[in-house]
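Asks: Respectively, the protein sequence lines represent chains E and G.
In terms of the working numbering, the first sequence opens at residue 1 and continues consecutively.
In terms of the working numbering, the second sequence opens at residue 1 and continues consecutively.
None of these hints come from the bench; they were simulated from the model.
Hints may be right or wrong, so weigh each one.
Chain E regions said to be covered by chain G (calculated; three or more residues, Cβ under 8 Å) [to be verified]: (1) 21-35; (2) 51-58.
The calculated lysine-lysine pairs, modelled on DSS-like cross-linking and capped at a C-alpha distance of 30 Å, are [said to hold, decoys possible]: (3) E:K38 with G:K150; (4) G:K519 with G:K467; (5) G:K380 with G:K519; (6) G:K441 with G:K274; (7) E:K38 with G:K311; (8) G:K513 with G:K106.
All residues carry an ideal CB built from backbone N, CA and C; glycine is no exception.
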Amino acid sequence: MRSDSGISIWFFIGSLLTIYGALILGYGLYSLAVPPVKPTVLAELHADIWWGAVLLILGVAYSYTHLPSRKS
Amino acid sequence: MTHLIALSPLDMAIICIYFAFVLYIGYYLKESSSTGDDFFLAGREMTAWIAGLSFLSANLGSLELMGWAAAAYQYGILSVHWYWIGAIPAMLFLGIVMMPFYYISKTHSVPGYLQLRFGEPSRLLSAVTFAFMTVLMSGINMYSMALVMKVVLGWDINFSIWVSSITVAIYVALGGLRSAIFNEVLQFFLIWFGAMLIPILGLIESGGFAGLKARIIANLGSDSYTHAWSTLGSFNDNPMGIHWTGIVLGLGWVISFGYWTTDFLVVQRVLAAKDLRSAKMAPIIGAAFKMMVPFIVILPGLLGLALLPFKLTGEAEAVATGGHSYNEVLPLMLARYCGPGLMGLGITALIAGFMSGMAGNVSAFATVWTYDIYRAIWRKDATDAHYVSMGRWCTILGVLVSIGTAYLVMQFQSIMDYVQALFSFFIAPLFGTVLLGMLWKRATPAGGFWGLLSGTVGSIAMWAWVKADPSAIRYIALSSNAKDMAENMYRGLWSWIICVAVTVIVSYMTKPKPESELKGLVYGCTDIPSEEHVPLLQKPAFWAVAVSLVFFALNIIFW
Numbered sequence: 001m002r003s004d005s006g007i008s009i010w011f012f013i014g015s016l017l018t019i020y021g022a023l024i025l026g027y028g029l030y031s032l033a034v035p036p037v038k039p040t041v042l043a044e045l046h047a048d049i050w051w052g053a054v055l056l057i058l059g060v061a062y063s064y065t066h067l068p069s070r071k072s
Numbered sequence: 001m002t003h004l005i006a007l008s009p010l011d012m013a014i015i016c017i018y019f020a021f022v023l024y025i026g027y028y029l030k031e032s033s034s035t036g037d038d039f040f041l042a043g044r045e046m047t048a049w050i051a052g053l054s055f056l057s058a059n060l061g062s063l064e065l066m067g068w069a070a071a072a073y074q075y076g077i078l079s080v081h082w083y084w085i086g087a088i089p090a091m092l093f094l095g096i097v098m099m100p101f102y103y104i105s106k107t108h109s110v111p112g113y114l115q116l117r118f119g120e121p122s123r124l125l126s127a128v129t130f131a132f133m134t135v136l137m138s139g140i141n142m143y144s145m146a147l148v149m150k151v152v153l154g155w156d157i158n159f160s161i162w163v164s165s166i167t168v169a170i171y172v173a174l175g176g177l178r179s180a181i182f183n184e185v186l187q188f189f190l191i192w193f194g195a196m197l198i199p200i201l202g203l204i205e206s207g208g209f210a211g212l213k214a215r216i217i218a219n220l221g222s223d224s225y226t227h228a229w230s231t232l233g234s235f236n237d238n239p240m241g242i243h244w245t246g247i248v249l250g251l252g253w254v255i256s257f258g259y260w261t262t263d264f265l266v267v268q269r270v271l272a273a274k275d276l277r278s279a280k281m282a283p284i285i286g287a288a289f290k291m292m293v294p295f296i297v298i299l300p301g302l303l304g305l306a307l308l309p310f311k312l313t314g315e316a317e318a319v320a321t322g323g324h325s326y327n328e329v330l331p332l333m334l335a336r337y338c339g340p341g342l343m344g345l346g347i348t349a350l351i352a353g354f355m356s357g358m359a360g361n362v363s364a365f366a367t368v369w370t371y372d373i374y375r376a377i378w379r380k381d382a383t384d385a386h387y388v389s390m391g392r393w394c395t396i397l398g399v400l401v402s403i404g405t406a407y408l409v410m411q412f413q414s415i416m417d418y419v420q421a422l423f424s425f426f427i428a429p430l431f432g433t434v435l436l437g438m439l440w441k442r443a444t445p446a447g448g449f450w451g452l453l454s455g456t457v458g459s460i461a462m463w464a465w466v467k468a469d470p471s472a473i474r475y476i477a478l479s480s481n482a483k484d485m486a487e488n489m490y491r492g493l494w495s496w497i498i499c500v501a502v503t504v505i506v507s508y509m510t511k512p513k514p515e516s517e518l519k520g521l522v523y524g525c526t527d528i529p530s531e532e533h534v535p536l537l538q539k540p541a542f543w544a545v546a547v548s549l550v551f552f553a554l555n556i557i558f559w
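So that you can see chain G by itself, here it is in the shape it has in the complex:
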């Protein structure tokens, strides 16, 4: 069997040591995860740094690393928008505006917040859709990772799926969210130290960023791959075929704000912070590091464009011709610069990325299942120990269902095409509901529920319409030439608008909750602790402004 990389005994030792460490951490933390708050919210004692790094790490899956390196090779520096405008404003908004309501309400989860604000039906709807989406995503990521390990290292798919997922199941089931967070912080460091050598050595080889740009222009005959904004004035001027309105409104607003502010996978990490100021700082710290992730993800893709002596292609063409696909650009660059030892560290970074993403999925799934589905429907008054036990078991159940999904995807690979669509089905309308719930006192329980339901149904209906009649894309995505990515973004935008419109209309037709029931949940009814006397350098708002300035500077530099 041919594969990209052959691991030495030293590399294998580095990978095995990593597995031993994460398992030991889970075992070590078992004793300190005996109550519900310990198991599901890590005792609410995380510092801003731990919560912030874990918040980012749960999102930094290995597919994210390899997928966006591949996108950078394919579309150039435009891919950086998914790290900058597609993340930073939303992360700062979560920290400064939304976090106080999540944190002060003392909720265990995002569906839990909806229960407090809009009642049981809204909670159940969002909990069921979240649980479904989470295990499906987890399975798809698991399969994709195993496939990459097969192509890159020649590892058997079954071996990769079972070893990595059982490891995650053990350490999360033992230590709960605390163990997931501990490991995510460890994985954060491994990802950076494992991947950072590629851009450093790549920039040395290409003669700095100026040399890199010159090589790309020489290789491709165009400078559109090295500009983030200047080519977005027209659909035809950039490799992605996208307009700036799609990037700003679709990605920068609905998709990004929906994911970063309402996806419980990431929000759960911040809820574990020890106090409100830490909870506000955590997303800001995450945002500061998120801005730098393109250094280890986008830059290697660009370096591949500049330095690799052969051309990468799409998956189908690579299989047909025996060449390499876009998805292999990161492992190819790793193999280019890293010998024994460093190679093991790089592969460990990829495995760590996968495991941190999966641990995020299963720990969030365990919480939502236990508190928002099991307790809400079947066992309202069980003991705390019973819920912890349920959390441990459904961590294992979540992993097993994810493994089942991975095998399902193996049989029906077309499922992969629907992954992105799932986000627009569930996340975009949820963002509308949570946002109105937090910022608009007049929003009623009926308004919240019907808005969320109609946004979700509307999104699925739009998707089905385009499936049945592909020409309908000209109405959904405003262009008959729109690609899948553009369709998902515009569908997300429409479903958010439907959700907001229905919530507003139904709210005006129904009776609002008295203000006394909205304390701690809504802007204007919540006493948010003043930060007037906090030193400037400890104020979340100060750091949010600092991160914003760097964000604007980066966009201007790479304009």
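The shape of chain E in the complex, shown without the other chains:
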């Protein structure tokens, strides 16, 4: 659904996921270089890297697909 002026709800969702994905992935990569003092359980799986990547990919896909300039 779009508002009258044309921005789809999915674009908002995509934008937020993109920002969150970039932040979480960025921190995950940083913590590879500088491991945290108190690691969480299963920290060796680096959930922040792959979960951040999932958010980023989905966010970019949603944002691109529902770009206001691509409005039909």
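Keeping the supplied structure of chain E fixed, place chain G upon it in accordance with the hints.
Replies: Positioned in the frame of chain E, the structure of chain G alone reads:
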């Protein structure tokens, strides 16, 4: 001050970005919410997906998330019934059977439907009870959320209450239901992405579901925590002390059908759908996702049972011993697996849950107040712009009253004990009235009103009777050992029966409306568009059957 979780600057940034987004959405949508239909019904242009996700999101409050994770820790997998039999049949029934009448009648609200079907007295009675229940629930949820934020994050209670509620007030007052729905869909995604890592990592740590069950059995010495139905043959065989009849008749019938089919908080989202087929599909889409919510709510509670190195207790004992309470199981699991960034996302999910629930309450309150109380009693012929303005102001008023209620609860915490009772007072009889109104042509305006009133009064009287004489519970809940939850369910069932019986008796004693006045309102008098020529994959009935099959499969798998 001690608290469970310390947030990093990255976590704070993630939370702040979330607040900025929801406020921007409200501001952005202000211009497209200028008419009554825009403000109160989001222009009736929502797709089935948007309406369906919003329908579910309005129900997915953070207290729901934390409360049911806590219940799963306390009672095991039995808690899943509140997501499956306690929701799915009712949601499908709403979509397939009831939605056509709500939608075709073009009503703004559930009390509005009662006005069309039974007249002004029934509308006013249900509108006043709904408005009262909504602001009370909203305040109680607000206080509980602020309390959790204090325990988990060390945030000041006043700060949590005012910041989150003012944010909700701004974006709903600006953009109306459209803004609430936009944000609810956004919040739906945040809740899932913020909470889903816990079960994924938890299952990895415990060695899959088989490993999880083995650990619970090893920790508790019983497998009753991992079976949904097989322990319900006797009150004594399961951790909840409940019988299958209570689950099926009390929860699965009256409480669930009452909430999902007549509580305007959720029904309003579906009324915003762009056409009848979308309105029918929306609850079915909601039901499909509702079935999966236990993955992010019940599973973390079970993982807590299996993996946490210490035992959680009730609130009072936790305060006395300095330990952790059941209610903290979800934040504890979050802290176990999530470092900076992911923690912020998880906390944002909890805040998003709270805000979506509150936005649902205030947008529904604004609609019922404006159309079913203010317009019905004081200003019948005002302009559309006047009602929109009233809607904006009473959104803010609703939030302020909710804040007042939150502070009232802070002073008199025993109010919390009465929350569940409210549902049986108002929702269970309302379900009887709406159901008969939609499916029985002979139901008369007098029958509808007196049935609703007697069901409500009867429910309050039963509650007062047990308060005055606790031994009376053996008559209400059929067992002197029944707990509060069982009492609420049985009271709901009795009040529904009273409502239906009185409606039927009074209807046979009074004159029915002519059929010409029942068009679009009642089964048998309403032309429901045929779906014969709609492709199979676009038929709501097809998807309802598909969801039903998965529902049965899940119950059998976790039997």
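Asks: Next step is simple, just say for each hint if it's right about the structure.
Replies: Going through the hints against the structure:
With 5 residues having a beta carbon nearer than 8 Å to a beta carbon of chain G, the stretch 21-35 of chain E meets the requirement of three or more and the stated coverage holds. Interface restraint, the stretch 51-58 of chain E with chain G: holds (3 residues with C-beta to C-beta distance below 8 Å; minimum three). Proximity of K38 of chain E to K150 of chain G is assessed by CA-CA distance (about 23 Å); at most 30 Å being required, the pair is judged to hold. Note on K519 of chain G and K467 of chain G: the hinted pairing is violated, with a Cα-Cα distance of about 44 Å set against a maximum of 30 Å.
A hinted pair counts as satisfied when its Cα atoms are at most 30 Å apart, and K380 of chain G with K519 of chain G qualifies at roughly 24 Å. The hinted pair formed by K441 of chain G and K274 of chain G meets the criterion: a straight-line CA distance of about 28 Å does not exceed 30 Å. Note on K38 of chain E and K311 of chain G: the hinted pairing holds, with a Cα-Cα distance of about 23 Å set against a maximum of 30 Å. Pair hint K513 of chain G plus K106 of chain G holds up; C-alpha atoms about 19 Å apart against a cutoff of 30 Å.
The structure fails to meet hint 4 from the earlier list, while all remaining hints are met.
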